[in-house]
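**Student:** Using the sequences and the accompanying hints, generate a full structural model.
These protein sequences, in sequence, are chains B and E. Everything in the first sequence is counted per the numbering used here, starting at 1 for the first residue and increasing by one. Everything in the second sequence is counted per the numbering used here, starting at 1 for the first residue and increasing by one.
A few of these clues could be false.
[As the list claims (entries may be wrong)] Restraint ranges, calculated between C-beta atoms of paired labels, are given here:
hint: 1; chain 1: B; residue 1: S318; chain 2: E; residue 2: C473; range: 54 to 62 Å
hint: 2; chain 1: E; residue 1: N452; chain 2: B; residue 2: Q107; range: 33 to 41 Å
hint: 3; chain 1: E; residue 1: Y460; chain 2: B; residue 2: S15; range: 49 to 57 Å
By construction, these hints were calculated from the structure, which means they are not laboratory data. The C-beta atom is built at its ideal place from N, Cα and C for all residues, glycine as well.
There are 2 protein chains.
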Amino acid sequence: MSKQEGLTVKKSDFSEWYTQIIQKADLADIRYNVKGFVVYMPWATDTLELMYKLYEEEMRATGHKKMIFPSLVSKSNLEKEEEHIEGFSAEVFWVTEAGSQHKKFEQPLALRPTSETIMYPMYSLWVRSWRDLPLKIFQSCQMWRYEGKATRPFIRGREFHWIESHNVFATKKEAENQVKEDMEMAEKVMHRKFCVPFIFFKRPQFDKFAGSVYTYAADTILPNGKRLQLPSTHFLGQKFSKPFDITFEAKDGTKHYAYQTCYGPGISRIFAAVVSINGDDRGLILPPAISPYEVIIVPIFKEETMKKVLSHSRKILSRLKESGFRVHLDDRSEYTPGFKYNYWEMRGVPIRIEVGPKDIKDKAVVVVRRDIENKTQVPESGLVKELRQTLDAVHNSILKKADSYFEGAIHSASDQLELKKALDKGGFVKLNFCSADVEGAKCADKIKEKFNAEVCGERYMGEDKPSGQCIMCGEPAKSIIYVARSY
Amino acid sequence: MSKQEGLTVKKSDFSEWYTQIIQKADLADIRYNVKGFVVYMPWATDTLELMYKLYEEEMRATGHKKMIFPSLVSKSNLEKEEEHIEGFSAEVFWVTEAGSQHKKFEQPLALRPTSETIMYPMYSLWVRSWRDLPLKIFQSCQMWRYEGKATRPFIRGREFHWIESHNVFATKKEAENQVKEDMEMAEKVMHRKFCVPFIFFKRPQFDKFAGSVYTYAADTILPNGKRLQLPSTHFLGQKFSKPFDITFEAKDGTKHYAYQTCYGPGISRIFAAVVSINGDDRGLILPPAISPYEVIIVPIFKEETMKKVLSHSRKILSRLKESGFRVHLDDRSEYTPGFKYNYWEMRGVPIRIEVGPKDIKDKAVVVVRRDIENKTQVPESGLVKELRQTLDAVHNSILKKADSYFEGAIHSASDQLELKKALDKGGFVKLNFCSADVEGAKCADKIKEKFNAEVCGERYMGEDKPSGQCIMCGEPAKSIIYVARSY
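**Tutor:** Here's what the structure looks like:
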């Protein structure tokens, strides 16, 4: 934990770059000896905590209440909704016994792969009347899925950390509005605060969440051109309220099945997107809102100036703390300033302040931005104001860069040759397609087979109208869809 | 979720009182269909979140870093330290298979019953040199233990929520100081902020944590006279650093096994103590520091005054929010003010503000304390200051009441007859005892057998010197110990 080595590859070699940054920015340790499980190091843990905080604030602002549900579910409850269990059964970890005698349970318990079947039996008890609706609940917890694919820290693992909200409404319309609210929440938090751009796609009927009526999922593009699925929100209709018996008495005394939605922002995976999209050849670049430190102070001294410089740095530290900044003074004497610059650059701290004997004489400090290599001397008297403005500027520039990167990853194709070329460049490819309904499955399979790519779906709020023919089967196009290769 | 019924028993009937308050203050739902697992309702979840926040702040203030470790551990790692696995093996949930085919693992995985065996293999990789020490790490997570005893929400369950810190030091002295720091942390947070009094006992050698050299555990007394164990802190010496190979190179180049400590504040159980000790016949009483709302505003209106009263109440709400209070306006129109008084009293909100037409005319509000039934009209102009003072007063009075209750639960006995009488009254009984070392086990067994009580241990910083004879065996007393019946 005590050396700071630079990255030995550029970000253009994404796979190796990601491996190195995970280790060198102290984000995760992959040497834990259970396959698919990793240890989250302090810097990642603190970043995740800020991400959770901002997402939860938005959950509460939109009327959700926080709860804590058990992590284990009985096999019989897990299997209550057919499509749902079909979709998840391959990924379930089973708890079958306990104690030193390994006493078998009457029926196995599952580690939650998602919590529909844990929460909805309770909802059935809680929801009685229209007065109990809407019921909007979230929890922040970990999930376990026995992943078959290769795992990578934060991107895909057998234990990951998310928020899940599960809501109940009297009417279809309210439930469908919730799906929109979920997408707005992602825009507010994930895009505008975490600087992760994405598109919400209506997943084709042949690739929706197990048990939903329809699903919107946010996809982003990683620097290797592959798409990564971020939060998805699901309109469940009455597909769960029927097997789980979630009914309410309306004002007129009649009894109805409720409408439901669920939503799952995977915070640990969004963190992977933050790392991947915003980092550069020198390391992480964290948006100020989620950087454990917004400002790092590096004192510059020799033996004879140490006392003076440190004492002055501590004064600046406490002034900035009082002004509400998350700020840290790196006063370790065993490392050089140069080492510390690299150390905090690797970890993506938005602003570095350098304090040396000359600066003290000038009544100023040197302010360095992480996102661009811009260095300016700032008078101490105006420091607080200057830092606030600089943090805003850093945020805006990270966001702008991410957006422009993302825009550049959206292509279109009017025939299969163009599709192939665009996919090889990486990113999304927009095209005319026969149908996003079940009957489009065949052409989707062909895309998979010929180009090793998947149909993401129709873009939410997409403005384009389909025209001409499906580039796969030649039938009249009923949809404009996006295609991409998956991580 | 929509009715507010009062408690139908007094707190003196503690067992039934606890059952009712869990349900009527909406703290937990015990109807979840896996034995020993319950659902935490929003009010309890929000209180727990504040408790976590305050405890974690103290962890960070004492130099601990937060991390997230996997929840599963391989059988072989779990069994690496002999005494440790002996102590825990009866309580382990085993994950043995995955997927729809229920494919067996080569070796079973345990759901963490505690994380020594998860964290220490990593520590062995991280600790190399004296420069890496001290290593102070905590995580906030849930634990699973296959409890044989009857479970009760928050007091004892098969899944509970805690903080655990695991620290590594170069010297025995530093490690022993950590044990003291852990106890001070409990005093600062659990006693002074959560208003839960306790005594730290050095557990007798025959009842220490599985794998520790010695253990200090905080015991409190519930209103039924039974003791409940709260956080314990353990000096592990080199008992884990040897099997897990946690060594460091000292400044002089020599290699040494490190010294370790661990500490586990069980937040969900501490919450049970907050509920039990501070509540009264009308419901919960929450210390202001951990009440989701410090202040609840109840508007009093008829149809013709509704608009005016609500709009005025909203102004007060936003003023108080701006001043930093956690405050909520109960503007539900389907309930009467009387219903709302009971509702928020049941949930223990420290201060209620009533706003009616007359108050508006008086430019004042009525302020009511939850802990004592004190009602005063306060001019709006001085409201913020008055509320701050009142919250302090509520806190101090809750703490004082808790302390005096706790003092009253400490008795002493100079023979077995007195011991019996004191135990029947409930609480701790202080007595002369042959030995808190292994050779005292026999007398402890006799106490268990004759009086159905356990030895808590020697009091930390206890001032008394043993004198005379052990009241069980008549041998010269080497210890003053405390005895109590356990929950």
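**Student:** N452 (chain E) and Q107 (chain B), beta-carbon distance inside 33 to 41 Å?
**Tutor:** Holds - the Cβ-Cβ distance for N452 (chain E) and Q107 (chain B), about 36 Å, lies within 33 to 41 Å.
**Student:** Between S318 (chain B) and C473 (chain E), is the Cβ distance one that fits in 54 to 62 Å?
**Tutor:** Distance hint for S318 (chain B), C473 (chain E) holds at roughly 59 Å.
**Student:** So the hint says 49 to 57 Å: do the beta-carbon atoms of Y460 (chain E) and S15 (chain B) match that?
**Tutor:** Holds: the Cβ-Cβ distance is about 54 Å, inside 49 to 57 Å.
Of the numbered hints given earlier, the model fails none.
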